[in-house]
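Trainee: Chains as they are written, first to last, in the numbering used here: chain A, 1 to 150; chain B, 1001 to 1491.
For the record, the hints were derived by calculation from the structure and aren't laboratory data.
All residues carry an ideal CB built from backbone N, CA and C; glycine is no exception.
Heads up, some of the hints might be wrong.
[What the hints assert, rightly or not] Pairs of lysine to aspartate or glutamate, EDC-like flavour, derived with a Cα cap of 20 Å:
(1) 1353(B) / 1332(B)
(2) 1380(B) / 1392(B)
(3) 1195(B) / 95(A)
(4) 12(A) / 1428(B)
(5) 134(A) / 1188(B)
(6) 65(A) / 1188(B)
(7) 1220(B) / 1392(B)
[Said to hold, decoys possible] Derived CB-CB ranges, DEER-like:
(8) 1403(B) / 113(A): 48 to 54 Å
(9) 1351(B) / 116(A): 55 to 61 Å
(10) 53(A) / 1373(B): 17 to 23 Å
(11) 136(A) / 1269(B): 47 to 53 Å
(12) 1376(B) / 48(A): 50 to 56 Å
(13) 1442(B) / 104(A): 36 to 42 Å
(14) 1326(B) / 57(A): 44 to 50 Å
One-letter residues, chain by chain:
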Amino acid sequence: MNDMPKKEKPYKFLKNSVTADIAFEATGKTLNEVFKNSAMALMDTMVDMKTVKPRLKKPIRLRAKDESTLLINFLNEIVYYKDAESMLISGFKVDIKKKEDAYLLTAELSGEPLHMGKHILRSDVKAATWHNFKLEKKGSKYTAVVVLDI
Amino acid sequence: MFQVPTKRPPLTKLNDYSWEISKDYKNDAPKMQVPARIFASKKLLDEMDLAVYEQISNVAALPGIVKAAMVMPDAHWGYGFPIGGVAAFDLDKGIVSPGGIGYDINCGMRLIRTDFTLKEIEPKLKQLVDSLFRLVPAGVGRKGFVRITGKDWRDVAQDGAQWCIKKGYGFDKDKEHIEDYGAIAGADASEVSDKAVKRGVTGLGTLGSGNHYLEIQVIKKENIFDEKIAKTFGLFPGQVVVMVHTGSRGLGHQICTDYVDLFRPKLKDWGINVRDQELSCAPINSKEAERYLKAMRSAANYAFANRQVITHQIRKGFSEAFGKNIDNMGMELIYDVAHNIAKEEQHIVDGKKKKVLVHRKGATRCFGPERSELANIFRKTGQPVIVGGSMETGSYLCVGTTKAEEETFGSTMHGAGRTMSRTAAMREFQGEQLQKSMEKKGIYVHAVSMSGLAEEAGKAYKDINEVIDTMDQAGISKKVVRFLPIGNVKG
């Protein structure tokens, strides 16, 4: 007997998408969760996350006029820390609130500085792009599709 | 949302190497302004990603586009513009689109000759590749050894590779062998955000990852197709050369991100309707476009500087390995070309000379002889065109032609072009195995990432010979020499 629902993977990489880049689909029961899972897919593209300890905290705040722009900006912010501060992120606490005509994101990211010998590195991401972008809610499930430029 | 079609749109054959999608193909707003033209042999056409046809006809619907939206034979599915896309816009009615240039502004190729032969290199190949791996940092988030501060950054943005040469990272004569002498006019560092500077300046002298690489290659006698030009460039059978593929690192990526952000919400005010959000753009005569172009040129110059610092490190690596002076190994630059860029150039449109803004995204400029932009040394041969193949199959040096100026806004292919997505390649190939099988074939690879290596497997790419022959037979770019890889440094 097995009537337990299978735990759905929080994200998957899409095989038949943009040839030179990487596309992923992330899901979540809440907006916070789909943001977190998208960020995990992004980091998974760049590094084996098991090798990154969430020991340093990095609080961030972002604001955008809609949820889609907020997600793209959130992902690009994480890409930015990788280059500007050599910081790899593996922990994501995300809180999104709608305030009047804007969406506010407060997140506590955590990770550690890039270390060549320690971290198993994959492909560098240049940006999260708007090509084929999707963020939608169907029933009680959020889905995001994002193409990362490699 | 962008829909990938299930079948190819109707194509009209123009000749054996070019095909056209009529501008009636997309009649709903925003409708195609010009036809879309595909440069490909029949074989490459049949293998082309269906998304390419969709994307290039979306480009054909951008305001002020002239003549035709074009794709080169190495084209494949990208974001917004397809990779391998070429489009030129009227300076008054047209637009500039950061997505038509790419996140990696002035991603490009560099080719350096040497006096060494394969016989001389072979015994020390592994040592040499390992030392280049150490001297030229590769992979995710790496930093270079040249640290630049505020004033230096502004100088790099202005003077590009020439700044490096002044600082001792290169020979004075290098600059004649770089597109635009390694310093594109009209750059302005004040249009680059602090964020882009913070993200990017530490990357000077680094390769990056993805399809970026540094490769040691060899010329076989049977792979010289134009002896006269090869000789003019100082190339001979048995010779070893070095090829570099990289761009403007985090700096360029952030500039593209910043300006897509700036343009996207303003499209409505400008009355521009795009068929894909990643085609966001600004009217060329707007303040915003002017700011982007100044920032884009700053990143382009930074990319020239990046490849110049890497060249210095390569010369240093060879000098250490062979105990010779840096200037006594014949390690001169053949050329350096951008393949992600937009430039104002004069071309013939509707029978008249006209200045247009040419976007090349994964396409190389290939001017013919006598073109005034070229240094004197190339006025007889035409501009060198460096085409990087996959790390298993080889690369090419070609030269531009006058016909290219008539047909493709002086543009040609930039590489082999992918046929398999990265995700599919990663499932198909295994990095360690690939590394071993390449070593058996005589190619020694030192890579940061094994999964990254698998993504770059030769079989994930089109047949480069077919791509090169298409543009050679079409008379757009003539092949000169083919290079085979023997050593590779990868991110």
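Trainee: Next, verify each hint and record whether it holds.
Mentor: Results of checking the hints against the structure:
Between residue 1353(B) and residue 1332(B) the alpha-carbon distance is near 36 Å, which puts this suggested pair outside the 20 Å criterion. Taken as a hint, the residue 1380(B) and residue 1392(B) pair is broken in the structure, with Cα atoms around 33 Å apart against an allowance of 20 Å. Distance restraint check for residue 1195(B) and residue 95(A): the Cα-Cα separation of roughly 24 Å exceeds the 20 Å cut-off, and the hinted pair is therefore not satisfied. Pair hint residue 12(A) plus residue 1428(B) holds up; C-alpha atoms about 17 Å apart against a cutoff of 20 Å.
Taking the CA atoms of residue 134(A) and residue 1188(B), the gap is near 35 Å; set against the 20 Å cutoff, the hint is violated. About 30 Å separates the Cα atoms of residue 65(A) and residue 1188(B), which puts this hinted pair outside 20 Å; it is violated. For a cut-off of 20 Å, the pair hint linking residue 1220(B) to residue 1392(B) stands: about 16 Å separates their Cα positions. Separated by about 52 Å at the C-beta atoms, residue 1403(B) and residue 113(A) satisfy the suggested range of 48 to 54 Å.
Distance hint check: the CB atoms of residue 1351(B) and residue 116(A) are about 57 Å apart, consistent with the given range 55 to 61 Å. Checking the proposed 17 to 23 Å range against residue 53(A) and residue 1373(B) shows it is violated: the Cβ atoms sit about 52 Å from each other. A hinted range of 47 to 53 Å is violated for the C-beta pair residue 136(A) and residue 1269(B), which are about 27 Å apart. For the pair residue 1376(B) and residue 48(A), the beta carbons lie near 52 Å from each other, so the given range of 50 to 56 Å is met.
Roughly 57 Å separates the CB atoms of residue 1442(B) and residue 104(A), a value that falls outside the hinted 36 to 42 Å. Range check, residue 1326(B) to residue 57(A): about 46 Å between beta-carbon atoms, so the 44 to 50 Å window is met.
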